[in-house]
Structures are given as structure tokens and as C-alpha cells.
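Peer 1: Protein chains in written order, with this note's numbering: chain A, 1 to 340; chain B, 341 to 680; chain C, 681 to 1020; chain D, 1021 to 1360.
By construction, these hints were calculated from the structure, which means they are not laboratory data. Worth double-checking, as some hints may not be accurate.
To be verified - Cβ pair distances, simulated, as ranges: (1) C:Ser774 to A:Gly25: 50 to 58 Å; (2) A:Asp75 to B:Lys600: 25 to 33 Å; (3) A:Ile65 to C:Val696: 38 to 46 Å; (4) A:Ile65 to D:Lys1219: 32 to 40 Å; (5) C:Ile745 to D:Thr1264: 29 to 37 Å; (6) B:Asp426 to D:Thr1030: 46 to 54 Å.
Each residue gets a CB set at the ideal place from its N, CA and C atoms; glycine is no exception.
Each chain is listed here by its residues.
4 protein chains.
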Amino acid sequence: MIVIMKPGATKEQVKVIIARVKKEGLDVHLSEGKEQTIIGLIGDTRKMVDVAFDSYDGVENTVRITHTYKLTSRDFHPDNTVVDVDGLKIGDGSLTMMAGPCSIESLEQMLECARIAKEGGASVLRGGAFKPRTSPYAFQGLEEEGLKYIRQAADKYDMKVITEVMDEANLELVAKYTDILQIGARNMQNYKLLQAVGKTGMPVALKRGIAGTIDEWLNAAEYIAAQGNFKVIFVERGIRTYETATRNTLDLSAVPLIKKLSHFPIIVDPSHGVGIWDLVPPMAVAGVAAGADGLIVEIHPDPAKAWSDGPQCLNEKTYAKMMKQVHIMEKAMQEVKAID
Amino acid sequence: MIVIMKPGATKEQVKVIIARVKKEGLDVHLSEGKEQTIIGLIGDTRKMVDVAFDSYDGVENTVRITHTYKLTSRDFHPDNTVVDVDGLKIGDGSLTMMAGPCSIESLEQMLECARIAKEGGASVLRGGAFKPRTSPYAFQGLEEEGLKYIRQAADKYDMKVITEVMDEANLELVAKYTDILQIGARNMQNYKLLQAVGKTGMPVALKRGIAGTIDEWLNAAEYIAAQGNFKVIFVERGIRTYETATRNTLDLSAVPLIKKLSHFPIIVDPSHGVGIWDLVPPMAVAGVAAGADGLIVEIHPDPAKAWSDGPQCLNEKTYAKMMKQVHIMEKAMQEVKAID
Amino acid sequence: MIVIMKPGATKEQVKVIIARVKKEGLDVHLSEGKEQTIIGLIGDTRKMVDVAFDSYDGVENTVRITHTYKLTSRDFHPDNTVVDVDGLKIGDGSLTMMAGPCSIESLEQMLECARIAKEGGASVLRGGAFKPRTSPYAFQGLEEEGLKYIRQAADKYDMKVITEVMDEANLELVAKYTDILQIGARNMQNYKLLQAVGKTGMPVALKRGIAGTIDEWLNAAEYIAAQGNFKVIFVERGIRTYETATRNTLDLSAVPLIKKLSHFPIIVDPSHGVGIWDLVPPMAVAGVAAGADGLIVEIHPDPAKAWSDGPQCLNEKTYAKMMKQVHIMEKAMQEVKAID
Amino acid sequence: MIVIMKPGATKEQVKVIIARVKKEGLDVHLSEGKEQTIIGLIGDTRKMVDVAFDSYDGVENTVRITHTYKLTSRDFHPDNTVVDVDGLKIGDGSLTMMAGPCSIESLEQMLECARIAKEGGASVLRGGAFKPRTSPYAFQGLEEEGLKYIRQAADKYDMKVITEVMDEANLELVAKYTDILQIGARNMQNYKLLQAVGKTGMPVALKRGIAGTIDEWLNAAEYIAAQGNFKVIFVERGIRTYETATRNTLDLSAVPLIKKLSHFPIIVDPSHGVGIWDLVPPMAVAGVAAGADGLIVEIHPDPAKAWSDGPQCLNEKTYAKMMKQVHIMEKAMQEVKAID
């Protein structure tokens, strides 16, 4: 961290800053230039995150060099972290496929979804039992009943389960039925919930907030990692921009950027990313090509009858076709990654 | 709600839609035009929120006419709702002033803040005991100790307390010390928390999410109102845009727009809105002029030493000066509102 | 400008940077800290705008301290610039009111608009003769015929004219009829046009681009000022954000921010800012309260029949009512500004 | 187009709307529902683009069904348009590669860039002779001298040239040296320029505006096509969002969406899209996987010495490595596209 003083800053003003830094146990390197004095902080500047240097008299600007997150950073852990979901490896260079409906509606629907998902090559079944909905009058999920259905369907087809936990109160319940705890976009900065899922030690799929920056997302992961839980999986699911032609703007550049800054795996959710079913396959293929460790997509035996998010759901036929393309891409990426 | 069929849609496709609508107990009005068939839904279309008409064969588009919220709507309640905070009226045409630090740091700091706030004309003391922070290593608040300080300081100066509740687990604790429960921007769509504060029957200050649309914000209020709690106060605090010269973009057009669509009062938070202390006074004055029912601003006896958000804090002198301007504006607005 | 080297940067890498800086005739101040070496640039760093220091080996980051604009900056010209439009002063502490239709449609329409505008207190008549339209099939303006109408109408009511110039080819023509040249939002970064209007020496109303940052806007003004033309008037007209409830998001914080960074006056366009006529009056009032030097609004004798932008137009009655409110606010702001 | 009346609209209000529609030579289909009257417009509703139906008394809402663009639409021209650049086909299913520096700096630099580009498999050489720059003090390009260099370098390596034309005044000059006219992001809605390049009949690469919607972009293409020029190539180059970790947010979903809505080819510019050189290769690969007809990337023999945009430039080695990956992807996409 560097504090840059204004051209006319007095020696007294510089002294005040130095005293403030030393109070936290850090040291300084002082550089008195012809035009400006610059104060470099030496030591663990994470302690100084809250100090409002900009409010001190004579200060022009402060520049942060190091990140506020640490355990999540690739500097801290240079190798890729492979998340082990009871034998299933995410982030080991293979492609993990997750599929299922937006909402869990019935056991029959889940069994049918599991069959379709599995046939296409998915190893994880998705589905929501607690649905965060904009309107209080919209369907809010089958709750525990739904959890039972998804577990049963997954077990029949030897799949893992991923499902969202929306609050601490239901964490224990959800944890009983799922293999991966999903943190939804609206909860990316629900820090108490992040700490709570961190404490479970279970794999956590952390969706990017609808207006979450890369830096905030990495810090959200840090809340989980700080509890000793290194089973974090980032999920890029599109961000909110001015564009309304798609539901969100899927930010695929987040894939290589997260891989550069962090060691945790990242998967892509093209269904929420675009919100229009016939754009899902090309964006799934592009997501794999961007380097994602996996995909999570919405499927439904009959999208028109889905209780939620029907417009972005694939049906059996369109999903099967997409998966053929995804598998071609998966193979091509082995070659791409081998180039050096 | 209107379902617009594609130009070439078949009679069979139209029948499927009609059957789906009637299944929910609604009726239809069919309009078979030369170019397109249009199906108007008759009845309470809120039931149909989840139906993916766009996924049905032959459907071009659906148009929603009525809002998904009801109790929050001005159609439902044409007069302004006045929120009574134990005798203090918010939304009755007067201007309610709230001030205090970002974080509660000590009893002395709170007493000093309360004195400054009160002298400037504030009737509500703000301050955070639980601080949602981007980094897990940043100061997270004094918790119950802090709640005691703000209560004690407010009582000494005969003020009300507003403070944030971040999760259900601490709701009872926070409720014991505060007069107004604040829902932070990150929790605007934390529906379980909205329902929980709704059940308390206490006044709730609902901050707009950092990327919250007006429609989502009104629906968030509906979650509270649906619990029978009509003591909602909207707080405009800036939205996230591409502009980085200010911390957020304060959307003052939200003030007249919320007043047009809803009966609940709305106040403005210029401190978070701009994030730069010397822009706070003009935006506070502009907020009053836009028709806000109140303001909430950050003050600190010594902003440079504030534990958080120092750069956007006013000190005693700048706050006092701003309040003189605010009071001039308050009077001018009485004249403005009298024009008809 | 400061170049921050990576912790492990070699002496050789530092030398390369220093050589690059000296090549441009600047000097350096070297600060070799325990953890990092920092190189401060001494001299006119505007010459170094294009140097990609970040691409040099061993460089962590570069920090720009000074702005890239100069003549536009308040540092360069501490007093407010008052733009003189043939006797009418903009930016002298008074409020300049501009009103008129979106499109010039006929002489009768312009005469009627001028009468209404003038009666409400406007001194400048607006109206477009060349209309930039999203669709090539939309009405594109009456061109020179329209310019004649607006000039004639303004002259009859002793008003000034403001109208948009869309390209260099028509600059001479537009300049013949108007008093203020308006640069539309789509042209904020049409640098050739900025230079051309700069050369005319005429007053220029520079609209903020639909996604223009404050910094880009100030640099756009610099293109005009660099031609020796100091008659720049900034026009805040709303920016594009994710919110669709209003046409744009009117960023009133731009008013105090531009006044802090620049000496040129700034006016507010609430009509384009919100795009909904009944939100225009409160935002006009708020714009004045934010410290604007003037307002520009759209009016039409019969908005429903307007050839463009009807939904955001005020009619005679609503405009007259708004102007009463604006005049109350204008007076109140004299008191507000007197506080010190 | 459909006009939806308010529940309480009078018969008189409905009559006014019908009269307005018939005045333009269109017909109506009237649907008088139990709750609301709906008026469907029959005929070419592009004539009605400017009518402010929302301003008429009794109108609730209007819904546009057809697009405002026509020639650009895939409805109008179901097959892909293949743009022929003097023998080079863009949009025929093959991948067209364009590479070169941001700014043309010297003949030597262009010859070196052409050699590198060609060796990697590029058939089009890029480079700017006129540079639109935020600051007037930044390097603005070598102008005609630069055009000569790029032409000479391209000819030596048997490549085509793409370069930006910034204004009508220089169109003739630029057209003399280039094969493809590039319209920059800042000029996407510079309609006079669009019409002018339309009239040349030359291939036009139309970059998406920095905050351009898909709909505005398609309409911008329509300005060119309306001049009889069907040689339009869309260029996705990232949009401006709240995220600052990348220079822009590359919206790859624009690729399948543009292909769905239009028949013109689309290429991707990952260099401007992300602005960080080591993220360019994965996004180039992802762009191909999203279905792009080509790529345009920035290269430089020595990025650290580039006169502009150095941080996003690839050098010979990184470009060559990327191209190997791109060629693997190109082949994989032949297989992906064959799936049906």
C-alpha cells in the first residue's frame, strides 16, 4: 500500500500518516520527491483496509498493491485446487457436467431429469427446493419434500446432488440431502451464510452476484476459505448490464481471469447467463473453450410446463444435441491446453 | 397479461394456451386479427407469474400489464403511508433527518455523534454494530456492545435509533435496541430476512440493492408488507454503474418514481450515494428537492480516524453547514409542493 | 505519474523504465523500498499518456496523479467561466432556462413553443432540425427549413437559439442560424466534430455521452478548449445503466463533481434524463438544487402529436406549473449558496 | 404493433387512436375485452416508429412486435450473407483472421507485423492511421503516411487491409488504401458516416458501440444496408459495464444472438474486449467456439514500445501460440457445426 501526498503537503501532515501506520505495527519507506512525497507501507497491509487515509489532510491518493484476500489467491496456492465431491473431482482438468431443472416439481420430474442428464454425460444433478423469487406470490419451492426427490433421483442414476441453500436456518436440512451447497447470486455477499457453509467443510458452489465484481467474488470465497474450507467452486452466471436482449451478460472473461487470480475451479452457467434456450448451447461450448472446469445447465422434460425459468430450459433433444457438441469441445480443449 | 401468438400460429397452438390459462381458474379474451392472434388473460394474473408462455409453440411474446406487487402499490393504497416510529412521523410531509457514523466505535464516539446530529436537527441516530464488509479481514462491528452504545447515546439526546440487521439469527437482539430495522443493500433480496423483519411489525428501512431495479425493490417491500407490516421506508443509496468517479450513482429519479408507484415514504442516503464527503451536501439538498421524506447521512467527530467509510463522512462543521442548507430547502419545498 | 515495480523486479528492469522516461525529456525520482521500487515521474506527464509501462517487464502498476486535461481543469482556471451568448450570461450564478420541442415540425409549432417557453421564463429556444435516430426509417428532421423556423420563432420572442450540429458538413449551415451549437450524446467523442466546433469560437453545449465517464467528458471539453474556445457548457442528460424504469439514469452528482473539477458551467436535461413527462418537474427542481447553472427541457403544444419524444414532453400547463416551482427553487438556491 | 388501452379508457379515446393509425394508411384490428381494449395495427408499422401513442389519453402501453430494421434481419434474408473482400470470403463457414498493431507507427513496424500476422495464419492486416483518443494530447495517428505503410506491408504479404475511417472528410482518402472500412465503437451511431460508408459499396466492419444495445447495433447496420451496401461485418469488442477488472466486458452471447437475428457475419475482437494481453488467447478461442466468423487481434513486435494499447497486445511468440490454439478450435468447430 502506498500513500501519495499532495504536492503542497507539509512535513507535519506526513508525520501524522507515518504515526498512524506505525500504530498498527507496520513500517514505512519514505520517498521525498521534488514534487510529491510518497509513503510506502511495509508489512501486512490487510490490517489497514479500514483506514481512511484519503480523509487525512495533505493526502492525494492511496494505492493498494496487494489484494485483500489471501487464501483464495493463486499467490498463496500456486497449483490448481481440485475439489473432491465424494470421489468426483472438479478442477482436475476434466469437464464436470451438471444438469437439472430450475425447480424441483415432483419425483417423476426429477427421475426423468436425472435420466436425461445422465444420458448426456452429466455426473451432478441440479434442482432447487428453496427458490428465491422476486415476487412473494411466485412459487417458492417444495422445500424438504423436494430435497428428498432430488436425492432419490440422483441416487438411482449414481449422480451427485447440487442444490441451493438460502439461509443458515435451513443449512443443516439442505446439507443432509446434497453433495454440493450452492450459494445463489443474491447471497454472494451474505457473509454470515458464507461463514456458515464454510464451517460445514462441504463443497460450495459460489455464484457470482448479479453485480458482483471479480474482486468482491474473490473476497466472498475468502469468507469460506477463512473457515478452513478449501472446497470452493466459482460459478459464472452472467452479470447485470444495460443490455436487455439477453437475461444477463455472460462474462466468459471471468473464467481465465479467475484462473489467473485464484486456484479454485470455475464452472459456467449459460442458462442464467443468457436466459434464452437456443443461445445456451453455443455459450456452453464457448464456456468450455474459455477454460471452464465444468458447466451447469437447466433442462426440463417439457420446458413449457416448467414451474420456473422455462424459457431458458433445454429439453431432452436439445440437451442431447448440445452435449455432443460439448464433448467435441472437451476433447479439443485437451489439445488446446497441450500447446506451449 | 397478454399472450401474443406468432403470425403463423395454428389454432391448435392457441388452444393449448387457452387450456393452460383456464387451468389456473382465469378466463381469456381472444382476439383473432388478420395478422396475429392475441390472447388477453382475465382475472388475477399474479398466479401466472411462473408460467413460461414464451416456451409454448407458436408464442411470439407475452406482455405483463399489472405489477407483481400489490400491497406496496399506490393503486392499492392511494394515500401516502405515514410510518410512525414511536411518535416520530416519517412520510407526513415533514423532513426526517438521520445522522451518525458508519460504524459504532465507542460510547464516547456515539455520544459525540448524537450531540452533533441533534444540534443540526436530526431526530434519528444511525450507526452500525454489525458491518457487512467485502473483506473478511476488515472490522466487522462491535455487535451487542455497539448496540448498547447507540441506544444510550440516542436516549441521552432524545433521538430514535436506526441500525442494520444482517441476519435472522441476530434479529431479536437488534430489535431490542433499535427503533428502525435497516435492511442493507446486499440483503434487499434476502427474502427470509425480509419476511422475518416483516413479522416483527417494526419500522423497516429498506435500502435499494446495489443493482436493484425499481421493480425488484417494490417487490422486496411486498415481502415485508405481505407479513402485515406496513411500516416500510425506502432508502435510495445509489446504484452500481460504469462510472467510477463516484462510489455509486445516486439515482434521485427513484424518489418521484417510487412516490408515483407506491404509498410508502422514501429517504435518500447521499453519503453512500456519492462516497466523497464534499459532494454530500449538494446531493442532500438535491434529494430534498426531488421530494424525499428524509435524509440519512454519515458524520464522524474526526472522519480521518473513522474505522470505516471515512472518505464520505462529514465532520461537525461541514454537517452543521449542510444542515443550514437543508433547512432552507425544506422550507422552499413547502412552497414548491403548494403549487398546483 | 508513478510506476510501481514488482517486488522481485531487477535493477536492469528499473533502468529500462528510467531510460524510457528520460527519452521524453522528463526526470525521475527513484524510491528503492525494502519491498518494492517506486519510480516517480517529474515533468509534464501528459506526454507519457500513450506509454504502456504496464507492458514492460517487472512493472506491477502505474498510477496517474494529474489529469490528462488541462485547460478544462479548475486547477488551471480557478474562477467560474461565464459563457456569454450574445449578452446572455450562462454560469454567472443565475439560472438559464432553455425549452422547446424535440423536433422542429413547422413554423406554427415553433412560434407556439417559443411563446410558451418565454412565458414560463425561458431565454433560449431549443429544437432539432437534424435528428439522430436509431432507425433509418424514423423522421430525420426538417434540416435548413427547420433552422429557419427556430430562428424566426426565437427572434419574435427575443430568445436565443440552441440546436444540434451532427456533422462537420452541416456546421457552417447550422452556425448561421443558431447561437449555441449543441453536441449530442452520440457525438461526445466525435473528436473531429469537437475540434471543428472549437474553431468556430461559438458557445458549445456538450452533452454527456450515453456511457460517458466524467473523465472522458472533461477530455471531450478539452478538445474544444484546445482550439481556444472557452465557451463550453456541459449538459448532464442521464447515463445508460441497467435500470429500465426510466429512459436513462439522471446523474445529478455530475453537477457538483463537474463544478469541482472544471470551471465551465453545467446545465441539466431532465427530459432525456428520465424520459417520462411527469418525472421531469421534480428532477428539474432537483437539478437546480444540485447547483446547475440552467435547465433544458422538452415542451410541445400537444405532446401526443409530437413527431418524436412525445412521452417526455411537457405541455403548456405542466411546463408553466413546473416553472413556478423552478423559480421558487432558484430563489432558495441564492440563500443556500450564501451559507458559508 | 399493439396499443393497449387503460382499463377505464373511453370509446372516444379509442377512436382518437384509430384515427391516428388510419391517417398513416394502416388498418386496425380492434379487440374489446372485458377489462381492456387492445388495438392491433395492420400494415407497415415502421411508419409509426415516431408516434408517441403513450402520450395519448387512455393509453396504458404499446408493444412493438416487428423490428425497426428490415434489410439486416434474417427474416428478410434467411441465408448467411458472405462478404467478399476482393476474393476473401467472410461468413462462408471458414474463420477469417485479422491481426496487426493498434497504431501504425512506421513502415518497418508494419512490415514486421504483417510478417508475424501472416505466419500465424491471418489474411487481413489491421492498424490505425487515424486514432480516436480520449485526450487531445495523445498521439492521433500518422494519417495518410500511415495508410501508405499498411497498404505496402499488406501487399508484400498478399494480405487485405482493414483500417478505421473516423469521418466523412477522410473517407475518400481511407478508401483509396483499404479493403475494409472499419467504423469504430464511438461512431456506431454516427449516422451520416454510416450512410457515407454505405454509399461506397465497400465492405464495412461495424464495431459495437461501447454501450450499444443489440437492437441499436442492428439498426446501425440498417443505415448501411439501406444504401444498398450488403457488405456489413459486425465486430463484437466488449461493452462497458460496472466491472473494472477487464477493460470492457466481452459479450460473446452477441455472436449467436446476432446470427439468429441477422444474416451478416460477425467477428470478435478479444484485444479490446478484455484489454489484458494474457486473457486474449482464451477469449479468442472462446470467440471461435461461440460461432464467430473471424477474429481481429492486436499484435506488436514489442508491445512495451507500442505507441498505444500496449497492455493488450500480443507479441510474436504469444500470438503464434494463440494461433495454434485457434486453428485447433477452428477444426473442432467444423465438427460441432456438423451435429444436428
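Peer 1: Would you say the C-beta atoms of C:Ser774 and A:Gly25 sit inside 50 to 58 Å of each other?
Peer 2: holds, 56 Å
Peer 1: A range of 25 to 33 Å was offered for this pair. Does it hold for the Cβ distance of A:Asp75 and B:Lys600?
Peer 2: About 51 Å separates the Cβ atoms of A:Asp75 and B:Lys600, which means 25 to 33 Å is violated.
Peer 1: Return holds or violated for the Cβ distance of C:Ile745 and D:Thr1264 against the range 29 to 37 Å.
Peer 2: violated, 19 Å
Peer 1: Go ahead and decide if the range 32 to 40 Å is satisfied by the Cβ distance of A:Ile65 to D:Lys1219.
Peer 2: violated, 53 Å
Peer 1: Taking the CB of B:Asp426 and the CB of D:Thr1030, does the distance hold inside 46 to 54 Å?
Peer 2: With a Cβ separation near 48 Å, B:Asp426 and D:Thr1030 satisfy 46 to 54 Å, so the hint holds.
Peer 1: Per the hint of 38 to 46 Å, is the separation of the Cβ atoms of A:Ile65 and C:Val696 within bounds?
Peer 2: violated, 20 Å
This entry does not satisfy hints 2, 3, 4 and 5, going by the numbered hints stated previously.
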